[in-house]
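Undergrad: So the sequence lines, in the order shown, correspond to chains A and B. For the first sequence, position 13 (counting from the first letter as 1) is numbered 13 according to my numbering, and the numbering increases by one without interruption. Each number in my numbering comes from the position in the second sequence (counting from 1) with 1000 added on.
Everything labelled a hint here was simulated from the structure, so no lab data went into it. Please note that the accuracy of each hint is not assured.
Said to hold, decoys possible - Have a look at the derived ranges for each label pair, beta carbon to beta carbon:
hint, chain 1, residue 1, chain 2, residue 2, range
1, B, Ala1159, A, Phe223, 35 to 41 angstroms
2, B, Asp1105, A, Ser137, 19 to 25 angstroms
3, A, Arg56, B, Arg1190, 47 to 53 angstroms
4, B, Ala1159, A, Thr69, 27 to 33 angstroms
5, B, Lys1108, A, Thr69, 56 to 62 angstroms
Glycine is no exception: its CB is placed at the ideal position from the N, C-alpha and C atoms.
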Amino acid sequence: MLASFDWHLFWSAFSSGPYWRGALTALELTAPALATALVIGFFVALGALSTRRSVRTIAWLYNWFFRATPTLLQLYFVWYALPEYWHGFAQSWFTPFFAAWITLSLNEAAYASEIIRAALMSVDPGQELAGRALGMSRRRILQRVIVPQAVRIAIPPIGNEFITLLKLTSLASIISLHELLTAAIQLTSAKFIYNEPLLAALVYYLVIVSILMVIQSRLERKFTWTSRGRRRTTAAPAVSLVSHDAR
Amino acid sequence: MSYLRATDVTKSYDDLEVLRGVTFEIDPGQVKAIIGPSGSGKSTLLRCLALLEEPDRGTVTLGDARPGPGEVGMVFQRFNLFQNMTALQNVMCGLVEVRRQSKSDARKAALEFLARVGLADKGDQYPDELSGGQQQRVAIARALVMRPKAMLFDEPTSALDIELVREVLDVMESLAREGMTMVVVTHEMRFAHNVASSVLMMDEGRIVEEAPPEQFFTSPREERTRRFLSLVE
């Protein structure tokens, strides 16, 4: 295999416009989708932890719906069926990118909410008690005490989610969004050469995920509370991770 | 006219009645120690006094009103320092977030109170880097900086290694000497004997007996108190 490896072809694929634009699209979709998912997921998690039964039910229904149905089906639905419900979605602003963003955000929010819920629950209840004893409002306690400590616990599994989401963006090729994998497939089917174009795409993914891992470890250190910023010897409590196999 | 007062307080968790109509009062400058077996309702009484629990029935008053935010300070068995804040930030937190003081004013006051518990040089350390005794002293400073009218201590030395108990008791004793109104749930009988103005025995959600320490420890009136004291001494 390596004997016939065409470095020139590999490099021309790797440096081609469709590849890096595709990679950029994947990143441009992943980052805002995850950000939106974290915001929605945070409120779904708060809902799931609410003392009010009706609120808990809504949160449960949300997670049930978005985790039970395939992401691909959701993507099809948003892209093809939604414009039939409301013609506003049939306008030109509703691009494949926008449809993918909406779908992945809503979908990912369900998974993120479970991570956030577990992280919030793992913070020692004594922390809230101490805040209340000082006279802090529940909202302040959440802002200043609970959320920062939950973030520390949620960072590793959220890093996982980023990676999953990055790879899920390739699903959007079915609604004609040109991201990295689309570029690779197009190249292979144009030339009937597979090795070099696919490897070039693979290297892109490796590079992106490596950069992400560096950012993640920086973040983890930032949310470790020792004066010298060294790592804590005790590991953060285990968080139940959602399996992605079924997506 | 009593100062901090719980009147006929009842509290249940599900079917378990933890407080069965407790009336408790403490005058300014008094120190009351509460002893009793676990599950007797001592901690729940403190939590009701700190308004961390809402009584099912009965009222809690400070003077003639409900205590305001930070007016009744609370110190916990397990310190409960905010893990994501330095010692100094812990002490500043109430002033900034509740009293809406400027950061610089809060910092000045916090440093003063850290010095008072002997930890002026530990302000930049996080709770993880402090010993249990130091953490508990920071927790005391965090409550004191709010200038509370009364301080509640829920077994403040029970989670400490034996050699760290003294430093916390020293801080509490100096507070008592300065005239702080204090309610202390404790197993430290020596502390109760030497510092408290009166000692209460609680059992099964009721106050069984209350007496000045000398009388309480040498000639308790109630059989239940005698039995408990014989077990802990």
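Undergrad: Taking the hints in turn, state whether each one holds.
TA: Right, here's what the structure says about each hint:
1. Ala1159 (chain B) and Phe223 (chain A) have their C-beta atoms about 26 angstroms apart, which leaves the hinted 35 to 41 angstroms range violated.
2. Between Asp1105 (chain B) and Ser137 (chain A) the C-beta distance comes to about 21 angstroms, which sits within the given range of 19 to 25 angstroms.
3. A hinted range of 47 to 53 angstroms for the beta carbons of Arg56 (chain A) and Arg1190 (chain B) is consistent with their spacing of about 49 angstroms.
4. Taking the beta carbon of each, Ala1159 (chain B) and Thr69 (chain A) are about 49 angstroms apart, not inside 27 to 33 angstroms as hinted.
5. A hinted range of 56 to 62 angstroms for the beta carbons of Lys1108 (chain B) and Thr69 (chain A) is consistent with their spacing of about 57 angstroms.
When the structure is compared with the earlier hints, violations turn up for hints 1 and 4 and for no others.
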